[in-house]
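Using the hints, build the complex out of the two chains.
Which chain is which? The protein sequence lines are A and B, in order. Just so it is clear: in the first sequence, position 222 is 222 by the numbering used here, and no numbers are missing. Just so it is clear: in the second sequence, position 106 is 106 by the numbering used here, and no numbers are missing.
These are computed hints drawn from the structure, not numbers from a lab. As the structure is a computational prediction, the values presented were derived from the model and not from experiment. Just to be clear, a hint being listed does not mean it is correct.
FRET-style restraints, in silico, Cβ to Cβ [claimed, not checked]:
| # | chain 1 | residue 1 | chain 2 | residue 2 | range |
| --- | --- | --- | --- | --- | --- |
| 1 | B | LYS407 | A | ASN93 | 32 to 40 Å |
| 2 | A | LYS84 | B | LYS341 | 16 to 24 Å |
| 3 | B | LYS330 | A | VAL21 | 54 to 62 Å |
| 4 | B | GLU30 | A | VAL302 | 41 to 49 Å |
| 5 | A | SER109 | B | GLU135 | 50 to 58 Å |
| 6 | A | GLU358 | B | LYS341 | 41 to 49 Å |
| 7 | B | GLN404 | A | SER109 | 55 to 63 Å |
| 8 | A | VAL302 | B | ASN132 | 23 to 31 Å |
| 9 | A | LYS398 | B | ASN185 | 53 to 61 Å |
| 10 | B | LYS407 | A | LYS83 | 37 to 45 Å |
| 11 | B | LYS330 | A | THR12 | 41 to 49 Å |
| 12 | A | TYR377 | B | PRO25 | 49 to 57 Å |
Ideal placement from N, C-alpha and C gives every residue a C-beta, glycine not left out.
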Amino acid sequence: MCNSEMSTPPLTFKLLATCKVSKARTGIMTLPHHAVDTPVFMPVGTQGTLKGLLPQQLERLDCQIILGNTYHLGTRPGPELMKKVGGLHNFMNWKRALLTDSGGFQMVSLLKLAEITEEGVKFQSPYDKTSEVMLSPEHSIEIQNAIGADIIMQLDDVVKTTTVGPRVEEAMNRTTRWLDRCLSAHKNPNSQNIFPIVQGGLDPKLRAESARQLTKRNVRGFAIGGLSGGESKDEFWKMVHLSTDILPEDKPRYLMGVGFASDLVVCCALGVDMFDCVFPTRTARFGCALIATGQLNLKQQVYYKDYRPIDEECSCSTCKRYTRAYLHSIATHETVACHLLTVHNIAFQMKLMRSVRESIKAQKFPEFVQNFMSVLYPEKNYPTWIVDALSAVNIQLK
Amino acid sequence: MKFVLCSASKCSRRLGKIIDIQRLPDLAFETPLFFLHSKGGAIPHITHEVLQMISGKPISIQVPVASTLHSEDAVRDFKKGLAEFIGLAENLIYCTVQDSAAGVASGFNDKSKVSVFTRKGRRELDAERYMNVMEAFCPDMYQVLHDGDTDANSGKKRVTKAVDRTSRFTEVCLQRHKSSEVLQNKAILGVIEGGHNISARETSAKEMRDHPFAGFVIDGLCKQGPETENIQTSDIKEIIEKTLAFLPTDKFRIIHGCWNPEVILDLVDMGIDMFDGSYPFIVTERGAALTFCNQIDSYTDCHSLNTPSKETEEENISECSIYEIDLNNKMYFDDLQPVSKTCSCLTCKEHTRAYIHHLLSAKELLGTVLLMIHNIHHYMEFFQTIRRAIKDDIWEDFHKKFKQNLKK
Numbered sequence: 001m002c003n004s005e006m007s008t009p010p011l012t013f014k015l016l017a018t019c020k021v022s023k024a025r026t027g028i029m030t031l032p033h034h035a036v037d038t039p040v041f042m043p044v045g046t047q048g049t050l051k052g053l054l055p056q057q058l059e060r061l062d063c064q065i066i067l068g069n070t071y072h073l074g075t076r077p078g079p080e081l082m083k084k085v086g087g088l089h090n091f092m093n094w095k096r097a098l099l100t101d102s103g104g105f106q107m108v109s110l111l112k113l114a115e116i117t118e119e120g121v122k123f124q125s126p127y128d129k130t131s132e133v134m135l136s137p138e139h140s141i142e143i144q145n146a147i148g149a150d151i152i153m154q155l156d157d158v159v160k161t162t163t164v165g166p167r168v169e170e171a172m173n174r175t176t177r178w179l180d181r182c183l184s185a186h187k188n189p190n191s192q193n194i195f196p197i198v199q200g201g202l203d204p205k206l207r208a209e210s211a212r213q214l215t216k217r218n219v220r221g222f223a224i225g226g227l228s229g230g231e232s233k234d235e236f237w238k239m240v241h242l243s244t245d246i247l248p249e250d251k252p253r254y255l256m257g258v259g260f261a262s263d264l265v266v267c268c269a270l271g272v273d274m275f276d277c278v279f280p281t282r283t284a285r286f287g288c289a290l291i292a293t294g295q296l297n298l299k300q301q302v303y304y305k306d307y308r309p310i311d312e313e314c315s316c317s318t319c320k321r322y323t324r325a326y327l328h329s330i331a332t333h334e335t336v337a338c339h340l341l342t343v344h345n346i347a348f349q350m351k352l353m354r355s356v357r358e359s360i361k362a363q364k365f366p367e368f369v370q371n372f373m374s375v376l377y378p379e380k381n382y383p384t385w386i387v388d389a390l391s392a393v394n395i396q397l398k
Numbered sequence: 001m002k003f004v005l006c007s008a009s010k011c012s013r014r015l016g017k018i019i020d021i022q023r024l025p026d027l028a029f030e031t032p033l034f035f036l037h038s039k040g041g042a043i044p045h046i047t048h049e050v051l052q053m054i055s056g057k058p059i060s061i062q063v064p065v066a067s068t069l070h071s072e073d074a075v076r077d078f079k080k081g082l083a084e085f086i087g088l089a090e091n092l093i094y095c096t097v098q099d100s101a102a103g104v105a106s107g108f109n110d111k112s113k114v115s116v117f118t119r120k121g122r123r124e125l126d127a128e129r130y131m132n133v134m135e136a137f138c139p140d141m142y143q144v145l146h147d148g149d150t151d152a153n154s155g156k157k158r159v160t161k162a163v164d165r166t167s168r169f170t171e172v173c174l175q176r177h178k179s180s181e182v183l184q185n186k187a188i189l190g191v192i193e194g195g196h197n198i199s200a201r202e203t204s205a206k207e208m209r210d211h212p213f214a215g216f217v218i219d220g221l222c223k224q225g226p227e228t229e230n231i232q233t234s235d236i237k238e239i240i241e242k243t244l245a246f247l248p249t250d251k252f253r254i255i256h257g258c259w260n261p262e263v264i265l266d267l268v269d270m271g272i273d274m275f276d277g278s279y280p281f282i283v284t285e286r287g288a289a290l291t292f293c294n295q296i297d298s299y300t301d302c303h304s305l306n307t308p309s310k311e312t313e314e315e316n317i318s319e320c321s322i323y324e325i326d327l328n329n330k331m332y333f334d335d336l337q338p339v340s341k342t343c344s345c346l347t348c349k350e351h352t353r354a355y356i357h358h359l360l361s362a363k364e365l366l367g368t369v370l371l372m373i374h375n376i377h378h379y380m381e382f383f384q385t386i387r388r389a390i391k392d393d394i395w396e397d398f399h400k401k402f403k404q405n406l407k408k
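In isolation and in its complexed conformation, chain B is listed as follows (with noise of 0.2 Å):
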């Protein structure tokens, strides 16, 4: 695997292309990009047919070993590798050790091991055994076994434990990489640790920039799950902005978990290249739909459809009703239009509110899947607008301007 930068600036904002998959050899993917959230190999609510009906391209998608160490010995006899056993041998396939969507249980690691909450319990991996696990998945990119229970609220001892035993795990699973014949051409990830310690981070990305490690995940920034969302700009900016100053800027950089869209612009502005999909996932976990503006051009029609056509009790108005609407409210009840006028999904231009909401209080698979299929669609032209921006040099103004119509 190749990552190849394409936009003139090397720090902030960049453009890239990965390519060169040794499994995919005709595939690229454009950069910034995100990985399709996952959960026990499966897209959740999306069969591979309704997939198609999303996006029939190849896409990237994350696959945690949390939710699928228990086909272990499945998928190694299968001798396929995951990619095939789950049905989605056409896209690649990116192992991470956590699920950035339910998050990290504190308490659980030890020096020579990391705990895995599994749906069998939890699950202790040592560096050999995670690299027996990712020699029977193969995966096309994955990363070293890490210790990322750190936050911002991490003190010094802590952080230095998750520093050390993410380089000692990363020397095994170096080793391991090179001498395995399946999985010497696939991406290896180095995880750069060190929670908000500067002099920690920095201890990290000098140990681990040397590497051949195809990028690089920022981890240990907080403990994942649903409680990520809330996390502001200006609590990770300072401690991101040092550690990528210790990264070599030719190989890609990846942050996990569900981030808000502003957050992600300004991830993006550092120079972060990838993300996962764990955020249109939870919302739709929670019954909404994202409508805020994933459009260079189109503000206005955006933000119109986050006002309430009726009134609205105040406890319906969510932190988060900036960046979607809340399909369980019982004023889309009756509610004839698409959840957004301007959106082409399979949901929109096929559904109504009021189907949706009637689903959701049913409590029928329909209503996650509809959701699912237009928050993912959403997410992905979110994703291409990004794109598109820095691409035509518009960027500053985007990010100026979405951050100012979030205010409104």
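Isolated chain A (complex conformation) (with noise of 0.2 Å):
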């Protein structure tokens, strides 16, 4: 395999064990910063920081790959500042992987006034109102190459899940376009992976062309996008499990945007081995900590005098010494409660992750998935989409 005459590339991805039964799979992912277990939840760290969190305790969290966003750091602080220190990784001392979208879907989301032309998003300068800005797939690239993260994503042409008609299909063939002057502008091929990101909407036929346009590609990794934008729970599995399908089995799969745990377990089922959501740290923010039965309000008066930590079996630095009761006294008051609460969740994913993983390994994953939901719905009123869902690719909810 090893050639010593080439040097290595950015990305090698190595199955360690496939599910015989789902689709699930876990590997490594070994990037230039760091070779990362999948599948993989990635916290979304925005603006080169993870809400409050040190790198040291990102790593005691057992963070294995990081996001940060383009949009954002394009804007501030810069790409230039980004040069000088040599990337985000040495701006925020972060020596594991790191992996930055195209900045498209914030424009779109975050400014109103976006307007997509074959050229790319222009858009109202959020600093000076009477200025327009272009991104386009060359400019998200140089940016992102300025970042430097390891794996680095293809400007890419997103409608909203609800749109119907031909602008869905224009989308979906011109994120194809736009991949290809991507891939032409990339400047660090070496140390640096593009994925393009599968459009076409809810439309299974335009999903599975737009994989297929994809796969032609000469690229190291692939992601799922412009679906968690609000579609049905049925259409949204049904275009994950489409687009696992086509795409190939040998490279990681990366779906946008999800982090549920519910939602988790099940597209590790449909064959997804990265995942990013900004769910866990938010809702730490607002006083909310995941347990396997679902999330904690702190807020609420009834954890006034509960001195149990959030979680038993936990071993986080927040459940092995705070309690509901000091957590509830501080919650959305001191930030400190918001660090604590960013911890436990982000070590609740990890644990997730990690346990997905080793029963894939033991060939345990269904056994997993059915206790996980019998865990989740103890009432056993599983909604349709997950049995739906599961039932495809074998798994059957008791």
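This is the structure in structure tokens:
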């Protein structure tokens, strides 16, 4: 396998085990800065920091790869400083892997006046309301090259999941054209990997076509995009299922914007390897802690005298030392509460993904899924979409 | 709790030690020291995990009732005391009535009650109620209830009231302290009031000095809060010296508030043993990092840190800039140096001014976390230096040079 004549590619993906029942798999994705165990959850550190936590804390939590947002980092502190410090890794002193998005999604979601043309995404400058700025595929890659993440995303033409008609097809085809422009603009092919993004809305034909077009390009991994944006769960899982059926087995698949525990477990069963979501860190700021049966809103008065840790079985630094009662007393009032809940919620996500990986290795993934769902839904009132999605990959919920 | 004076000189700068703390019998705390500031029982921005990265050793922490009163019932039913409730059981916990960083709002006390401003609004505490809270919290040391709503401008009538009320509160507090199973082996501190009036101070000190207090708080010099750092030594020197003359030398003396470092040294010189950590907290909140010289033998290095590397806009140089740098300032945008090259804290070892500037301008929580780590570390070293200077008998030289250095 290893050819000493050639430099190591910036991404190698080695499957360690595949579930014999479902499409779940576990592997190691080796990136320039870290060998990442998959399936992996990637916490989001939008502006070059993960919500108040030190890099040391993230390492202790076993975070292997985190996200940065190109739109935010590109406007502040900007690509010039990124170049000067030698990239985001140095700037935030994070030694493990990083992934950046293309910036396109933020432009469409944050900026009302964005206009998409073949050239790129045109929007009003957030600082100078009179001038217009163009984010082209080339520009997005230029910024992402300056940031220097291990995995960078192509600029894609994102449409709302509820959009129907020719606009969906146009976006799908444009996404492929933009991928080609991104690939030719890419300056660091030996240290950074561009992932294309499967689009096609909720139309099975378009999504399949998108996946087929993208797999013809010379890339080392794929993202499934344009989902998790308000579509029904029934449509959501079908699109994921369809995409993973087409995407090649030997390359990692990244489902963008998914992070609820039940979604993670279902989509692992559907063959997804990477996930990201702001949910665990965002919900922490509102005083919520994640547990196997759902979440605790520590703001509620019922926790005033609850002297248990968030989760008796959790080994995170928060659960080892602090009670629900104390967290209740500071939740949303002291930043420390946010830090403590963020630590716990990330520990929760990491532990969940570790359990998924271990169960796949032990060929016990279907049992793991059944057990996980019966804890989350003790009344066995499983949502239909979960039953259907799992059933599609031969896992039956009793 | 016992206080042992180690230095020969019992009046001016003193070296001492707190030992025999009932709950923490193996610990000793050297004085002069400061109590780390806390809010809601938490050291602002610093979780226990991060605190371990600043100092692995147990520390002394001030917990104001004003910011923890809302947990009274929860702590009482918990039955293990406040220290364990807030997850800081290894540390010395000292309860004060007011939050010295927030300050004392004026005009809300009366002859039987003292107001504290909690996050649920104003709450009135009479001495019995206050002692109920202390019994629930069970701190290692605590103040008697007191009326400290005075400053340099308070008239004779107001300061007399403060002294009288405090003396009545003290009676109740001491009574309850002695008869309380959980509190009788904790340290209770007398509070000397009297504003800037020498005869009122004398009355207060004389009333307090023969009670079995572990130490004394000299209170009511100012309304506390961020303005305290602008007070000069000359404004308080006489009243403090005269007050100290009425107090026994073998008990420790505390003054609260975010005094600037020069005043802290002067207060140590006068014989004050303990302070609080509101200063590094307030500096952090405004986005600044302490850079004043906190070492005995590196004046030149430290001072050069404050010399702007680029042209600085006039308006950005504040009065306080002799002690700190303002990381909000755009001049740090691409400054890849640590806050201080000579500092060994995690922030300075691992991060740059540019990164902290970015975090502050992006309003990211990690910015204040990194600043708080540095500022606490810097302030701890400052106090270590103070103790070393006294121990090594170079205090006068150190004190003089520190002042000269500020004038450069």
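Hints versus structure:
no. : hint                                : result
1   : LYS407(B) <-> ASN93(A): 32 to 40 Å  : holds (37 Å)
2   : LYS84(A) <-> LYS341(B): 16 to 24 Å  : holds (19 Å)
3   : LYS330(B) <-> VAL21(A): 54 to 62 Å  : holds (58 Å)
4   : GLU30(B) <-> VAL302(A): 41 to 49 Å  : holds (44 Å)
5   : SER109(A) <-> GLU135(B): 50 to 58 Å : holds (54 Å)
6   : GLU358(A) <-> LYS341(B): 41 to 49 Å : holds (46 Å)
7   : GLN404(B) <-> SER109(A): 55 to 63 Å : holds (58 Å)
8   : VAL302(A) <-> ASN132(B): 23 to 31 Å : holds (24 Å)
9   : LYS398(A) <-> ASN185(B): 53 to 61 Å : holds (59 Å)
10  : LYS407(B) <-> LYS83(A): 37 to 45 Å  : holds (42 Å)
11  : LYS330(B) <-> THR12(A): 41 to 49 Å  : holds (43 Å)
12  : TYR377(A) <-> PRO25(B): 49 to 57 Å  : holds (51 Å)
Hint compliance for this structure: every hint is met.
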